[in-house]
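Student: Residue numbers (full-length UniProt numbering), protein chains in the order written: chain A, 1 to 352; chain B, 1 to 352; chain C, 1 to 352; chain D, 1 to 352.
Since no wrong hints were added, every one of them can be taken at face value.
Pulled a few chain C residues facing chain B out of the computed Cβ check, cut under 10 Å: (1) Tyr30; (2) Arg228; (3) Ala231.
Covered stretches of chain A (in silico footprint by chain B; criterion: 3 or more residues with CB under 8 Å from a CB of chain B, positions within the stretch not fixed): (4) 7-13; (5) 19-29; (6) 90-96; (7) 232-239.
Listing some non-contacts, in silico: residues in chain A with all C-beta distances to chain B over 10 Å: (8) Pro294; (9) Phe308; (10) Glu323; (11) Arg329; (12) Asp338.
Rather than coming from a laboratory, the hints here were simulated on the basis of the structure. Every residue gets a Cβ at the ideal spot worked out from N, C-alpha and C, and that includes glycine.
Number of protein chains: 4
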Amino acid sequence: MYFTSDNWAGVHPAISENLARHSSGMASAYGTSALDKQVEQRFNEIFEREVAVYFVGTGTAANSLALAAVNRPGGVAFCHREAHVVKDECGAPEYFTGGSRLQTVDGPSGKMKPGELRRELKSFRPDFIHAGQPMAVTITQATEVGTIYQPEEISTIAGICKEKGIPLHMDGARFANALVTLGVSPAEMTWKQGVDVLSFGGTKNGCWCAEALVFFNPEKAKDLPYIRKRAAQLFSKTRFIAAQFDAYLKDDLWLDLAKAANDKATRMAAAIQQSKHCRLAWSVESNELFPIMPETEADRWRAAGVMFHQWPVPGDLTDKVEEHEVVARLVTNFSTTDEEVEEFSKMVLAGA
Amino acid sequence: MYFTSDNWAGVHPAISENLARHSSGMASAYGTSALDKQVEQRFNEIFEREVAVYFVGTGTAANSLALAAVNRPGGVAFCHREAHVVKDECGAPEYFTGGSRLQTVDGPSGKMKPGELRRELKSFRPDFIHAGQPMAVTITQATEVGTIYQPEEISTIAGICKEKGIPLHMDGARFANALVTLGVSPAEMTWKQGVDVLSFGGTKNGCWCAEALVFFNPEKAKDLPYIRKRAAQLFSKTRFIAAQFDAYLKDDLWLDLAKAANDKATRMAAAIQQSKHCRLAWSVESNELFPIMPETEADRWRAAGVMFHQWPVPGDLTDKVEEHEVVARLVTNFSTTDEEVEEFSKMVLAGA
Amino acid sequence: MYFTSDNWAGVHPAISENLARHSSGMASAYGTSALDKQVEQRFNEIFEREVAVYFVGTGTAANSLALAAVNRPGGVAFCHREAHVVKDECGAPEYFTGGSRLQTVDGPSGKMKPGELRRELKSFRPDFIHAGQPMAVTITQATEVGTIYQPEEISTIAGICKEKGIPLHMDGARFANALVTLGVSPAEMTWKQGVDVLSFGGTKNGCWCAEALVFFNPEKAKDLPYIRKRAAQLFSKTRFIAAQFDAYLKDDLWLDLAKAANDKATRMAAAIQQSKHCRLAWSVESNELFPIMPETEADRWRAAGVMFHQWPVPGDLTDKVEEHEVVARLVTNFSTTDEEVEEFSKMVLAGA
Amino acid sequence: MYFTSDNWAGVHPAISENLARHSSGMASAYGTSALDKQVEQRFNEIFEREVAVYFVGTGTAANSLALAAVNRPGGVAFCHREAHVVKDECGAPEYFTGGSRLQTVDGPSGKMKPGELRRELKSFRPDFIHAGQPMAVTITQATEVGTIYQPEEISTIAGICKEKGIPLHMDGARFANALVTLGVSPAEMTWKQGVDVLSFGGTKNGCWCAEALVFFNPEKAKDLPYIRKRAAQLFSKTRFIAAQFDAYLKDDLWLDLAKAANDKATRMAAAIQQSKHCRLAWSVESNELFPIMPETEADRWRAAGVMFHQWPVPGDLTDKVEEHEVVARLVTNFSTTDEEVEEFSKMVLAGA
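Assemble the whole structure, with the sequences as input and the hints as a guide.
Tutor: Here it is as structure tokens:
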């Protein structure tokens, strides 16, 4: 039972087949082929407006180039204390921005608290250049702990950004998982709430490596071709990304895959909630589960063949996790089977 | 007749099939899967020694990270005047090294002249820090104009590097094409001549996006995991690169593909040499041809359906290219057909 | 009564006169003059060992280049939550290191708590490159809130650094002020406790702009000439810094100036402690005072002509500062007069 | 006889005295004092328009921050082949711009040839991002070989910049020396010809370390406070730079000092022109002389006590300098005496 990460999965057959279908013949390179253009057009449809789209190879690249694109001298970007950009990207955002800083903001359940954001922003006054200047806010949807910002929560944060004249970036490494939970349109989850730039992830949801940087105001993306090329993210045979997105976005495949993953997580959560030996750290809103349990219980799970990451205990859980308890992270994916869910559930309840 | 670039081609069926074969099932991420390890081991065999291998997504990434890995404060890397690193990577090497400089070195036929390298190095004296300090020499094999360094030429340049205490990097975007022309082993073309770091390219020769950074002294590569991750080049589902290399390096496929491309170029060169209306700028030693011809002849080729790049006239050709003449670049690839070669040859000779 | 900052003061007459004395005649440039060499030698004497010294123009430069000199890819430097490097240098350390990160560490009284440092360091494991890698710890002596690390506290932190194989840097913008309080030798406050690199500040204590970067192991500073020049910190007429340090370090002037400033602060602290309307946030151990008082009292001080900064309330004071109270920062300097201290004390007690 | 460099000189007494005059008393820090403001105002008068002025510590800082301020992703700045920015700043411009490139342009007498600039710019087309994008042209006035751009030459280059939509920067490390030769106003030598940004140097002409970054369109300089602070170039006691400029710009002192230096160079040139053993590489138009002579003659000069730099033979002199000949560089300064000039002239002619 592999629940280590959704990036341990392979790719969906429809995507693999489309890649094979486009593997022969000649096509112009560096993002100029007919397929590239057609998939870019597809993003316009999905977001119900003209957007500027740039394919890149990793989520770290998408996030880092998004911040590089809106960077300012002495720039400071604000993210949640547990965000992937600050915890898991080995300093890539700082590296690509030439040293701009990520300032963490507190908030429960992996979500930035608007009041805390306001408080942090107060330290940066135009007459006090020593602190640097705010240049962006970045939120993660779904968050690093699998929770989801409601549209109005996004809108509130976007409002603060507008006040301060800085753009709002959304790290959508698990964009589809959030979308199907909310049941809103891509437009409603992004620009209609005030999101300016989006990292649109496909890799964790059934692609090989397909990430897109989406600017809702194409005017603001004029330097992106240079920013992407300079960062070694302009692939020559770009149709290999375009072909993945082509299949991914066809006939709602992307939404179906995310629904499948989320559904499995929901069912696994139900088992956890019935157990006396573990409890959920946060509500399960996408495809991640964070059970808290005694180390002995975690050992039992491992012995039963469950693979998962042990999670560092974040600040807002310090009081809720007892000594000798651990926090586990389990992630489902598009290919998780009903059998795995059942086997997991039985295993959990067998301990009760 | 597509001769615009070898990166306009797709992928070889054996590679595409291997990718499909590895697309299902779970595998540990970020370069730790069994397949990753197995392909890394394959590099040891190919190079007849233990090497450190890092897969990345683009040739620009491989070159830039190679230089970042050997960088020094105020660093200066030396490359040929027409090298890809300085002409076609949008400043990526400078960006990834935090501002180290590429100093161009002259030399005919796309190859760095050892005397010119020595001359340039003389400007950099330990007691004159204002100039910066040399940190690497980088050569391209095959070169940007399709020529090839003989092993003893590489050895001569490596000797200069050793004297100065700086490493020698080889940009092997077309490594296989050079190798089959020389008919030597990978080891003989690299570390046995004194090459320290290699960008091993697969993309132009039949892969989707498969590039590897190879360090012949693994001790020197200890920080590479951080260098690669920080540069957003650590893919999560790395098996998609490993699977490409797995098929590429199996049963000499890579050498067969390169041989096929080179052979086509050789045959096309023969037609050009028979024509009275065009002549070759440099000898054809791999899969690139650079015919010089009157603009009217170039127009005739285009009208006949030949697709190619018009090439900026480099310094050493200034006296050899008349006004109203142009330099064209034609590139063959693994999938170029006999029919295309024949059609091209007929077209060329029809003008004679 | 100017207590805004010690950098509002001018320079001590002895330093000004020495500058004038060295203003005529020719001297070799870029740090190679006899005076430069002589002052460098003086640093060896002061620190009782051979050190490598590099003069720079600002404290921000000294700190940033210290970190740049010990930087590693994906590097993370640890500093106190309120440290100058992270709060007041506009991202210079991150900029000069090409994007390395400053990770803040908690601790009361402006001092890094060893246990907290250990806790933060735990997140960085060699097998988890996503977090980056520790590359330095930096402490401030005297701290940003005017307190002082005892030698054994420095030694404890240095011990943690040694365990992790990372260097310990000391930001000594107010080095002399700390030294005279402790009554130890420069060696005892630095390398004898395990400090590897020091920013030795003169500007705040009576110079115009005289800062030195001191490496206790000169072997580790070999690239510094390039690091400093590349950062635009190699002055041509370096004797203008050397002449300042020459006078500053002569006949213990630097210690006398620091003693004078500290003494004034101690006397002002006594007045504050007698007042019923204000109290000290932290003990006064160098030349800074942080009284907490009602806004109305602060207004009274201002009306009486006292100039000071209002200080953002740091985390460890949150519970100690009531609503409607503010934290003020007052800084004495080498030129603060007895009259000012008496006027201030009277003013404070007049409110009682 | 010290002719090694004008930065071997000290400071003019009027400047030294003004520094002493401003050394006592309190003044607000970080560029906000009354003296700072007054000197900034003086720049408006000198340039006959409102300008944005930023004091920095070195010429390298001024040039590098000027380029950082106008930087673009994948940016390429064009400078003369022998320019200080590319030859003598240890990569600082590339470092401060995060890896933008300096592309050298040929031209005789140390001056960029407009035709060559146009030719280089042609390689950069909006549809070919691989080459990067032009972001500035930078010229040096007086040039690195002591020659001077005529106003109409500046205007021609500025015209090319306007066509391409990129700013023109002038490195004015020897601004005053050029100005007095041309006999035009500061405005006529800069913005009236189309210069956008100026590095205004005082150090080589009688200051300790006084350099200013001048933006003729203050709107374009909005981020400069952050750019300067982040680069560690915001001094706390900025009045030490302001006081230097205050005296330097008072009663035309700066012009008088430059005239004195230039006059000495002119007289020394006359001696060289009368000698049979040496000749001038370029016409002497400011305070630098470049005699070409046999090595034996150079040895004779050295033996006679003349201190100078031997200069690397630049490309346009290759045919003019015989084997066994060397190029010397002699620089006069504000404090060069009549006696030195006479002694030098006699020495030169004694060899004839």
